[in-house]
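**Q** Residues per chain, in single letters:
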Amino acid sequence: MSTEARPGAGTPGTETMTVREAIRAALREEMERDDRVFLMGEDVATFGGVFDVSDGLLDEFGDERIRDTPISEAGFTGAGVGAAATGSRPVIEIMFSDFLGVPMEQIMNQMAKMRYMFGGKTDMPVTVRTTEGGGMGAASQHSGTVHTWFAHFPGLLAVTPGTPAAAKGLLKSAIRSDDPVFFFENKMIYEQEGDVPTDPDFTIPLGEAHVEREGDDVTVVATQRLVGESLSAADELDGEVSVEVIDLRSLYPLDTDTLVESVEKTGRLVVADESPLSYGVHAEVMARINDRAFFSLDAPMQRVGVPDTHIPFSPALEAEVLPDADDVRAAVENVT
Amino acid sequence: MVTADVETADGQTEILRRMLTIREFDSTAGQLFADGEIPGFVHLYIGEEAVAVGACAALDEDDYITSTHRGHGHCIAKGLDPARMMAELYGKRDGYCNGKGGSMHIADVDAGMLGANGIVGAGPPLAAGAALTAQLQGDERVALSFCGDGAVAQGQVHEAINLAATWDLPSIFLVENNQFGEGTPVEKQHNVENLSETAEAYDIPGFTVDGMDVVAVYEAVAEARKRAVAGDGPTLVEADTYRFRGHFEGDHQPYRDEDDIEVWRERDPIEAFKRRLIDAGTLTEDGYEELKSEVEATIREAVSFAESADDPAPYEAYDDMFAASIPEIEQFARKARTDGGESR
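Protein sequences appear in the order of chains A and B. Mapping of the first sequence onto my numbering: position 329 corresponds to residue 329, and the numbering continues sequentially without gaps. So the mapping is simple: my numbering equals the position in the second sequence, first residue as 1, plus 336.
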């Protein structure tokens, strides 16, 4: 059990921890398990990460494996690719996902394409952790949600945990994967608590969604912060509408089976994701349902997201564009 | 075998053989491309042979290299098999990348060849990463990144060298200054006289050597390798050389005069080294002709291997995207395996 953890609130073999603690525990366990794993990024070591995620790991693992980098995303992301191709298993932290434009060349033309271009003759066991999301007045260059780009680009896997358990289990799978995995952390849910299995072999397979709350009338497929917001909306609607909430967890590969099974039961779908609405995760989920469960639908599918703006600075403006429980509730009510 | 001792007669003959092999491989590839036998496009290394061969001869078998879009020479110098290289140029299954890479992406990770690269300047960060693996694992491998003069203007090359210098990574950055970044002369792309001057900014050694002299390149890289293995970090080596062909085959080269090529041809690296060996009594004209015939036979066999190799099956387009099986892709692979896919 990690030092900061509390016993789980009722489920045997679990402990209660925050998303931040869950990510830290995953990093610690995987670094203990495999000495080829190391973490590098801006201020991940002495500072402990700008959101304190890797706090304390420097003392445990030393500065070779918990490695502060220059502010040089193209350089150290490329180095991560080269290290992964030669037998290391790097975890790269990009402090804010808005900075992903800087190393994009190394991501799109090297990390994503090497295995394929080389006829499968290299593994690419690299994990990229980064933070997304608005809500803290960080303005447009520190608040974006860009995971759709990476889920869209061939050769990359992408996950978006919405709970502490998902964060731990998915990060462990990402680090163990021989493929490049992007791990998107919503910065507003680092303090969110939940029960997390303590077994060091606990992992969550990449490509599995999870039903967080069962319901009969409407399926809400949500990611990251909007999982919690959707659960709140479902609580509010309890007694009027029975809402099923699914944490999508993996954007690519995407667990179409779990989504189809749910929509076949409920006949209604809301997709809640903090991406800009156009061309996003919402559209992909809807396309999968269109292909496999069109005749189960009783109402038009709905999407909840950011209305194609950047995230503005002023709290008055930020609240306008960021989706929350009210928006999920409105979408549910729209189709019931 | 990659390492060759420039001091011994055997080593010198091997170095000459490798330069001749690159020249013959690329002359043949150019002709096959003109004849329509090779799809896509090719970038030839003719004129620059001394750089790849001199550098790789000074490396150990297990060292890593990263390459450029003009990578055939680096591959041969690192010991790759011309037959499997040629098969890759033909897009055949028996090529190094099973036909998925082509001329610009030949790689053999097991041989330490981390790939030719279609993106100018992308190799140095990869080399920094390979050097980081070597540093973390505590072995004596080094990573050498070949990049062109054009790449030195790229931001990620600066980032890679800064990272390598700051972390003392066992690495060598070898700038092949062939006088042109694609179709623009080097002096229109850079504000320094010698590109090696940029080393000062990182507080690492920087040298400009005659890239038409295989021994000069060898000695510079051997020295750089010693530094790298000793934990003293990277060295920037600029090799002044010349591209006898266009940027790509078919390039009509409005950016230079035929006269300039003739001036550089006087310094042909293969002729120069051959002359040196003959003058020293290490090689005879007959011995040279024999060596040349052997190399020509090797490349003829490579072409014959490539011509007779199988095309990949259409369903192989779906292989190798990921280590894991991904349903989104597997559905198309299944269909192509069943119905044969779309053949040419």
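I should point out that these hints are in silico values taken from the structure, not numbers from a laboratory. Misleading hints may appear alongside valid ones.
Claimed, not checked - Quick list of in silico lysine-lysine cross-link-like pairs, DSBU-like style, CA-CA up to 30 Å:
| # | chain 1 | residue 1 | chain 2 | residue 2 |
| --- | --- | --- | --- | --- |
| 1 | A | 121 | B | 610 |
| 2 | B | 428 | B | 671 |
| 3 | B | 610 | B | 628 |
| 4 | B | 610 | B | 562 |
| 5 | A | 121 | B | 671 |
**Q** Indicate, hint by hint, whether the structure satisfies it.
**A** Evaluated hints:
A hinted pair counts as satisfied when its Cα atoms are at most 30 Å apart, and residue 121 (chain A) with residue 610 (chain B) does not qualify at roughly 37 Å. Annotation: proposed proximity of residue 428 (chain B) to residue 671 (chain B) holds, straight-line Cα distance about 22 Å (limit 30 Å). Under the criterion of a C-alpha separation no larger than 30 Å, the hint pairing residue 610 (chain B) with residue 628 (chain B) is consistent with the structure, at around 11 Å. Taken as a hint, the residue 610 (chain B) and residue 562 (chain B) pair is honoured in the structure, with Cα atoms around 28 Å apart against an allowance of 30 Å.
Distance restraint check for residue 121 (chain A) and residue 671 (chain B): the Cα-Cα separation of roughly 24 Å lies within the 30 Å cut-off, and the hinted pair is therefore satisfied.
The structure fails hint 1 only (numbered hints given earlier).
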